[in-house]
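Enquirer: Please take these sequences and the hints and turn them into a complete structure.
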Amino acid sequence: MNLGISATEFVSQVREGAISVEEFVAKTLERIEKVDGKIHAFITVDSQNALEKAKAIDKKIKSKEKTGICFGMPVSIKDNICTAGLKTTCASKMLENFVAPYDATVTSRLKSEDAIIIGKVNLDEFAMGSTTEHSNFGPTRNPWNTDYVPGGSSGGSGASVAALECLASLGSDTGGSVRSPASFCSVVGLKPTYGMISRYGLVSYANSIEQIGPIAKTVEDVAFLLNIISGHDVHDNTTAKNQNIDYVKDLKSGISGKKIGIISQMTGDGVDKEVASATNTAISKLQDLGAQCVSISLDAVEHSIAAYYTIAAAEASSNLSRYDNLRYGFDFGTEGYEFKAFISKARSNFGPEVIRRMLLGAFVLSAGYYGKYYLKAQKVRAMIKAQLDEAFKKVDYLISPTMPILPFKVGEKIDDPLKLYLTDINTVTANLSGIPAISVPFAMSSSGLPIGIQLFADSFKEKELLQAAYSLQETTNLPEMTL
Amino acid sequence: MVERKEIEHLADLVKVDLSEPEKYIKQVEQILNYFDSLDHVEFHSDDTLGIQIAKDDLRDDVYEPYGDSLIEHLKKDQNNFIRAPKMV
Amino acid sequence: MTRIGLEIHCQLTKLASKLFCSCKAEYRNTTPNSNICPVCVGIPGSLPLLNKKAVEKAAMISLALGCTIPEKIGFFRKNYFYPDLPKNFQITQYNAYGPTSIGSDGKIEIEGKTIRIRRIQLEEDPGRLVYEGTSEKTMITLVDYNRAGTPLVEIVTEPDFETPKQVRVFLNVLADLVENIGVADPYLEGAMRVDGNISEGDGNRVEIKNVGSFRDVEKALHFEITRQQSLVERGITVLAETRHWDEARRITVSSRSKEDEQDYRYLPEADIPIVLIGNNSVEQIKTQMPESIVARRERYIKKYGMPAQVADVLSSDRFYSDLFDKSHNEKNAKEVSNIITTDLMGVADTREKKLELKITPKHVSELADAIMENKLTRNSGKSALHEMVKSGKSLADVMTSLDLGHVSDAGSIEKIIDEVFKEEEKAVAEAKQNPDTINYLVGKVMRKTKGKADPTTTLEILRKKLAG
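Residue numbers (my numbering), protein chains in the order written: chain A, 56 to 538; chain B, 449 to 536; chain C, 57 to 524.
There may be inaccurate statements among the hints.
[Stated by the list, open to error] Only pairs whose alpha carbons sit at most 25 Å apart, straight line, appear in this in silico DSS-like list of lysine-lysine:
#1 A:K395 / B:K524
#2 C:K134 / C:K109
#3 B:K523 / A:K400
#4 A:K114 / A:K166
#5 C:K449 / C:K438
#6 B:K523 / A:K148
#7 B:K523 / C:K80
#8 C:K193 / A:K400
#9 C:K80 / B:K524
#10 A:K464 / B:K471
#11 A:K427 / C:K134
#12 C:K193 / A:K395
#13 A:K474 / B:K471
[What the hints assert, rightly or not] The calculated label-pair distances, taken between Cβ atoms and stated as ranges, are:
#14 B:D484 / C:S310: 37 to 45 Å
#15 A:K427 / C:K163: 32 to 40 Å
#16 C:D302 / A:D471: 50 to 58 Å
#17 A:K427 / B:E468: 22 to 30 Å
#18 A:V289 / B:E490: 40 to 48 Å
#19 C:A351 / B:D487: 33 to 41 Å
#20 A:F385 / C:T190: 30 to 38 Å
Simulated from the structure, these hints should not be mistaken for lab results. All residues carry an ideal CB built from backbone N, CA and C; glycine is no exception.
Expert: As structure tokens, this is what we get:
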């Protein structure tokens with residue numbers, strides 16, 4: 056049995072009766088057993104339930120009962136998205152035993168289409184990081200070379216799909232957290248338009264800019280998942296109404312006659328040589344397919360990292376206040392403590408990156424500084440959006456490398472947070488402005504490390520974005536996972 | 449310059465005991481210096497982004513009891529209360 | 057000069073659900089932590105869903121207090137750690153970065169004085185702390201989140217009050233007003249809570265918190281003014297601080313807690329989009345607003361010729377003015393207003409007592425008619441009213457059971473007058489000399505008939521007999 060098939064192929068093979076769900080899930084669990092010790096993508100594996108579900112779905116198919124369109128597809132979910140009855144730890148000591156009493160909207164939508172939640176995957180604590188090294192349960196490693204980071208913060212999602220431990224995964228993208236691991240692990244990752252997917256059940260980090268996004272092996276798979284998880288939700292007032300689009304249909308429409316803008320601020324200085332060369336190749340391949348490429352300057356991008364980390368830290372410091380260990384949390388009694396001493400002691404169990412961002416957040420919001428930092432950061436968002444609006448009058452898409460650098464070694468940049476923050480330069484723009492962006496695996500470096508290309512489109516133009524991504528994907532010929 | 453005292457004040461605001469505040473000084477200072485680059489941005493507009501909702505699309509005022517007994521999922525003390533530390 | 061400003065927290069008790077979730081808005085008398093859901097206890101991943109009607113009710117209060125309602129309103133997080141606050145921030149409104157709060161810049165006239173309203177904001181109530189244990193050592197803190205997320209408005213005034221009495225009058229007017237527009241029951245326990253701030257002359261501002269009742273607000277303010285004035289007289293500077301009202305000792309006590317000098321690190325609540333109110337909505341809300349107390353008072357005076365004092369009393373009480381509006385007709389309006397303001401209001405003056413009243417508009421209307429048609433004297437009417445209030449029986453039944461029928465046939469009255477004339481020879485002689493003393497004899501007749509004799513007929517016959 057080939058675990059390397061795409062989610063879409065899995066669905067058609069199950070429908071045709073070529074494979075059984077139980078067999079595929081059992082093999083997937085064996086695979087996890089075999090390789091996850093090396094990459095540590097999973098925090099929780101729900102083996103027994105997954106097998107029972109698989110059997111039940113096989114039975115439904117056999118008896119010709121109506122079956123959900125996922126047909127038992129094994130899916131992993133980032134451990135900051137709630138799953139009733141299964142731990143949702145956020146890779147934090149603070150929530151090490153936390154079992155959400157409810158399903159996130161995306162979880163229940165997947166379940167109602169007969170997807171099987173095979174387990175919960177690793178992340179940087181509360182999604183703060185871009186390497187998946189900042190997990191209370193230890194780092195995830197890149198399946199293409201386990202000395203290297205898988206990107207982050209949805210590193211568990213990217214690695215689990217790349218390592219054939221599941222067919223697809225849901226991550227969350229606050230500043231690039233779906234696209235970075237997609238790029239570093241050579242899989243496809245989409246950050247949808249803000250308001251497209253319900254955040255109900257996503258544990259907040261920077262709630263004004265983050266979205267849940269699918270990670271899978273192919274663009275078709277991402278379109279398929281988007282059909283299931285997108286749309287208005289009564290539990291989330293920030294979701295947009297009137298979304299009723301089939302993202303799978305017309306996916307192969309091509310990009311002939313379309314205009315693509317190459318963002319000069321994301322392709323010039325500071326981009327790794329091999330990444331730059333891969334980007335140029337991607338551009339010429341798209342031109343070969345009939346697209347017209349022009350250079351576009353978005354000078355507000357220069358301020359995007361400062362604006363992004365100001366907003367993210369401010370919101371994080373507020374969103375993480377609720378973890379005081381009174382109502383839920385790890386085992387630590389209040390006996391003998393005064394209130395402030397108790398919560399300060401409990402909260403010292405956050406990891407250093409989370410604490411650093413909370414301190415920064417407290418600083419930028421403290422009396423007298425709001426106008427200097429937070430408000431200016433908000434104005435940068437509007438400035439970026441205005442420049443993008445101008446750009447999208449001229450072009451249909453924008454393009455850049457997803458990450459300006461190649462994957463690096465575990466531990467290599469952990470002591471220099473600012474340097475690491477700066478590597479988010481190509482991804483944060485989509486979060487600050489709300490527009491969708493996708494990372495498509497495009498090439499391998501000379502050292503065998505993945506390189507992803509990022510495409511952007513205007514808000515709620517996911518259908519067009521996926522068409523372009525599909526076109527780009529069809530120009531590639533990438534190696535198979537050998538781990 | 450960020451000083452130890454300032455880090456301790458911030459830690460007090462977010463309620464975290466820092467065993468080694470000095471570990472954070474250099475990095476926080478470096479990052480805040482970087483944030484100061486926002487001072488040099490020339491804005492041509494005071495606009496900010498934000499999504500909107502019409503009043504009529506807000507939730508209707510209907511009481512619906514939460515089906516599950518939520519307290520059973522929480523750290524429950526005597527008589528269904530949550531226990532808090534001593535307040536001074 | 058003394059300057060007093062107020063912050064009044066008023067729960068929107070007429071709502072069915074909480075401000076951001078579908079739990080019940082009425083949390084009183086429920087088992088601890090039984091009226092909670094992931095949203096109101098801040099379970100990770102939950103999101104607030106703003107209550108539409110809460111926005112409308114808060115808008116009504118804003119309009120009633122002459123505030124401007126902006127086109128768009130927004131919510132902010134006020135960050136501080138406290139165990140009754142499940143998210144360790146409170147979702148509220150904040151005007152520092154533009155007017156996004158439901159109401160601003162209003163005013164209200166109180167006894168000829170204008171009190172300016174700075175701001176009205178919609179926000180969530182925290183949970184409730186319960187302290188158990190006898191000594192400081194054994195004391196434990198327990199939290200009940202049933203109240204967490206209850207919708208309330210905070211009304212902030214400018215420091216326009218000069219005396220505690222003005223404050224009391226204002227609070228009474230405000231309580232009547234929120235009750236009248238149907239947004240709150242101000243007399244429910246904890247439904248309306250008041251903090252004050254006071255300064256003398258150019259002195260520092262002192263905040264007074266923890267005042268349990270309206271009556272105590274006046275006392276606390278009096279105490280604080282005296283305290284500040286005596287400091288000033290002795291040349292001691294008044295400290296800018298927060299003081300708590302100690303109900304038992306009837307003094308204000310410095311809280312000396314750092315918690316009060318907090319930095320709340322306000323930031324926009326991105327989980328709640330900016331809400332578009334718009335002019336149409338405001339106009340629509342205006343049409344849904346009940347008649348204001350002032351308008352109703354005018355109507356009572358103009359249409360029914362009620363004395364100003366009666367109109368005042370009646371119009372400011374939503375319960376009784378509703379009863380009046382439902383029970384009167386063109387003819388009996390004055391009598392109905394008399395019955396309500398002189399008799400009924402004395403019987404039931406608290407919310408609890410009003411709720412216990414078994415009287416209906418039909419009772420009041422029939423009673424007024426009976427008095428006007430001379431079937432009952434005022435006195436008997438009062439007895440009938442008391443009985444109807446208790447039993448809910450019809451007027452006819454009450455008149456029979458209490459034997460309250462009017463004695464108006466001249467024959468029976470004449471007989472009784474004859475009896476009185478025999479017993480009261482001296483008084484009769486006096487009345488012949490001085491007609492002004494006739495009332496004494498009327499009283500005697502009334503006593504003999506237990507108040508049932510028709511006063512007009514009685515007087516007529518008495519006069520005839522005295523003259524003859």
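Enquirer: It remains to establish, for every hint, whether it holds in the given structure.
Expert: Outcome of the hint check:
This hinted pair checks out: K395 (chain A) and K524 (chain B) have alpha carbons roughly 20 Å apart, not beyond 25 Å. For the suggested pair K134 (chain C) and K109 (chain C), the alpha carbons sit about 23 Å apart, so the restraint of at most 25 Å is met. Taking the CA atoms of K523 (chain B) and K400 (chain A), the gap is near 18 Å; set against the 25 Å cutoff, the hint holds. Our distance criterion of 25 Å between C-alpha atoms is met by K114 (chain A) and K166 (chain A), whose separation comes to about 17 Å.
With a C-alpha separation of about 15 Å, the suggested pairing of K449 (chain C) with K438 (chain C) holds against the 25 Å cut-off. Pair hint K523 (chain B) plus K148 (chain A) holds up; C-alpha atoms about 16 Å apart against a cutoff of 25 Å. At roughly 22 Å between alpha-carbon atoms, K523 (chain B) and K80 (chain C) fall within 25 Å of each other, so this suggested pair holds. Note on K193 (chain C) and K400 (chain A): the hinted pairing holds, with a Cα-Cα distance of about 21 Å set against a maximum of 25 Å.
For a cut-off of 25 Å, the pair hint linking K80 (chain C) to K524 (chain B) stands: about 21 Å separates their Cα positions. Simply put, K464 (chain A) and K471 (chain B) have alpha-carbon atoms about 23 Å apart, close enough for the 25 Å limit, and the pair holds. Taken as a hint, the K427 (chain A) and K134 (chain C) pair is honoured in the structure, with Cα atoms around 19 Å apart against an allowance of 25 Å. Distance check on the hinted pair: K193 (chain C) and K395 (chain A) sit about 17 Å apart at the alpha-carbon level, within 25 Å; holds.
Proposed proximity of K474 (chain A) and K471 (chain B) is supported: the alpha carbons are some 17 Å apart, at most 25 Å. Range check, D484 (chain B) to S310 (chain C): Cβ separation about 40 Å, and the 37 to 45 Å hint holds. Between K427 (chain A) and K163 (chain C) the Cβ separation comes to about 35 Å, which falls inside the hinted range of 32 to 40 Å. A beta carbon spacing of about 55 Å between D302 (chain C) and D471 (chain A) agrees with the range 50 to 58 Å that was offered as a hint.
One distance hint, 22 to 30 Å for the beta-carbon pair K427 (chain A) and E468 (chain B), holds here, with the actual separation near 28 Å. Between V289 (chain A) and E490 (chain B) the beta carbon distance is about 42 Å. The supplied range of 40 to 48 Å therefore holds. Separation of A351 (chain C) from D487 (chain B) is about 54 Å and departs from the stated range, judged on CB atoms against 33 to 41 Å. Evaluation of the 30 to 38 Å hint for F385 (chain A) and T190 (chain C) yields a pass: the beta carbon distance comes to about 32 Å.
Hint 19 from the list above is the single one not met by this structure.
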